[in-house]
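Peer 1: Fit chain B to the supplied structure of chain A, relying on the hints for placement.
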Amino acid sequence: MSEYNGKKSNSRENTVSLDEKIQLFEDFCHTGEKIIGNTVYKGYPIGQWAIQIRKRVKKFYNGDTPRAHFSVEQLRKLSQLGILKKQIDSTIDEKIELLIQWKTIFPDVELTKVSPPEKILKKYATSKEVYERMVEEYKRMQRYYTYLSERKSRGKLTSVQISRCKEANLKPEVFGYPRSIEDFAQKYKISNKEASRIIEEYKEIDNFVRLYRNGKLKKEDISLAKSMIRSYVDIDQHIYSQNYEKLIEDLYGERSELELYSSKGMQEVIKLLTDKQRKALIKRYGLENGNHKIYSIIAEEEDATQKGISFLVTTALNRIRNNPENFEKIFVFSRIEQNSQVTNERIIIERFKEDLDKSNIILKSVSNSENDFSQTYYSKKLEYVRKILSIFDDEKLIEETNEDGINEIEEVSATEDMNIDELKLSLRTQNCLKRLGFFTVGELLEKMGEFIDDEEKVDKFLVDLRGCGKKSAIEIKNKLKSIGLKFGAESQGVDLNLVRRKRDELKEKLTKIKEREQQAQDLLEKYDELLGENKKEKKHN
Amino acid sequence: MSIFEEFEEKNRLLKLQKDYENGVIKEQDLSEIQKNELFQLYNEQIKDLEEEIERSKITLKMYKNKISKKMEKMKKNN
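If you read the protein sequences in the order shown, they are chains A and B.
Taken in order, the first sequence gives residues 1 to 541; the numbers are from the working numbering.
Taken in order, the second sequence gives residues 1001 to 1078; the numbers are from the working numbering.
Be a bit skeptical, because a hint or two may be false.
Stretch-level coverage of chain B by chain A, calculated; a stretch enters the list once three of its residues show a Cβ under 8 Å from a Cβ in chain A [stated by the list, open to error]:
| hint | region |
| --- | --- |
| 1 | 1016-1028 |
| 2 | 1045-1051 |
| 3 | 1058-1071 |
If you're looking for bench data, these hints aren't it; they were derived computationally from the structure.
Even glycine gets a Cβ: it sits at the ideal position worked out from N, Cα and C.
So that you can see chain B by itself, here it is in the shape it has in the complex:
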């Protein structure tokens, strides 16, 4: 498969997902292959989201530590 075909394949799956979510295609109208493809796609998205959430939690914690330090500094200055 060429590069373009691979990326087009990915876009096709995303479009299928969009149609399924918008109700354009109903679950009973999906073939077994399509169901499996969608299932895999959802699982991939779930995995990515979970990783993103973990990263964001770490960032948020870092921000809050910084803010606490700034607050203390402000109190000292005044």
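Just chain A, with the same shape it has in the complex:
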């Protein structure tokens, strides 16, 4: 076999016979390494050969070629060497599928880093050996990513392959973003990249908005949030509410919480301005026809100067802003916020109640709002008001807490923790067991444990219990069987029903504990809010 100099030349390859290739494969296999698409051994592209051979075999078996270019013996050897197996996954489609598989199983392992992300991989790896195999796979996936990106840039991927990569969200900056991200970006008028980042980081848009409202969003995301999230929602749902919102923002700035305002209230306020101020304001913000205009155009229409119009608008805004009564006309919850200066909880509650009735009516009117934030965050605002009212009820949760802190949780008893009472035995049998010191099923089973697989011994044990006759023994045994316990030969081997029941009971118990956890967390937040207001008022005083 002549030495291969690395140059691509069909005539060179053709000089290497299949037997010689098989020999090379065998030699390579002794090294213990895997053959992959670009494996080169002793200067020979054995990786490429393996791919070609597989394709040829596949074609022959599919009936695409009439002539086999290999003998049975050669085929057998190739199969033994593992050359014909799918692990030499070199086709583009296979690469794409493996990358998708990787992304599904390890969604938080980024493949763009130079070296494998140790911490994240260790999270998945159950042992050192598994970790090392994961690192190998990671490096292979990295190579595939690079390969696919290159092919895409050279226009060598089909549209089907590109859309497969796109929908699986593989390297979106190369293949494009999935439709869900594009829709999201379009809805909130942000770039695809930003949309993808928000969804990846915050999972749900609600989380992103909540953090923004609470002032806990990362600095770099705040300006993005401002452009996405509206501060004001019109309870009257005026057709040009967006323009009203712009006006309110210019008047009072952006708010940290969603504010409900009334466009009708705003119209009343505007009526109190002078004619010229009113006209200039309405045209500037497009409050009547939705078309906001620049100063030069308004000046032309009103036969005035640009400076004059600008002065009119500024004075109009100042006039509205400087009158505190206007604030109450425009904003729905302003009365509540003013009243929260009072320390006495009872007084707060009385004042909240009035607005709560009004709020219920308002909720219905905003339920059809096109902005899904408004419904969510208005509901949250209402929830806050309700929290204040319900705070006395929730304090019961604390009163129920004893030193242990967890006694009031209904413990869902597993079979062994079951009381004898729960077996619903006859009174005589029940008393007999209790007299002998058996108060739970577990205690009884503990005694029977040594001979539970011998049904005769179980029968004898039960009958021999003092005060317990044959009838009681049969009753006890039947009741135990009815709750899933098995004796004799049945007790040997695997009891799936029992473990399943135990698993389900524990799941239910966990759910209840989690609910209590959530209730406790909510109550803590309520107290924090109230204490926060009280602090403000102390400062004020």
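Peer 2: The following block gives chain B in isolation, referenced to the frame of chain A:
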């Protein structure tokens, strides 16, 4: 076994469990190996749940202590 195969194996077991619980496969139709596999899986899940419950109890206790303190603070402020 490759990483993918391992995780696929786990998914296979979970699917078997789901089918068993939904009644798609009956217990008498399961082979001994499948029974043992399911049994092991249930036991693993039970262990994880028990640990999770213990952790949650501790968290809940911590919350309740905090709430008690806040209640006292509220009473002092008023």
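Peer 1: The structure should be examined with respect to each hint, and the outcome stated for every one.
Peer 2: Each hint tested on the structure:
1. 1016-1028: The restraint on the region 1016-1028 of chain B holds, since 3 of its residues have a Cβ under 8 Å from chain A and three suffice.
2. 1045-1051: Since 4 is at least three, the answer is holds.
3. 1058-1071: holds (count 11)
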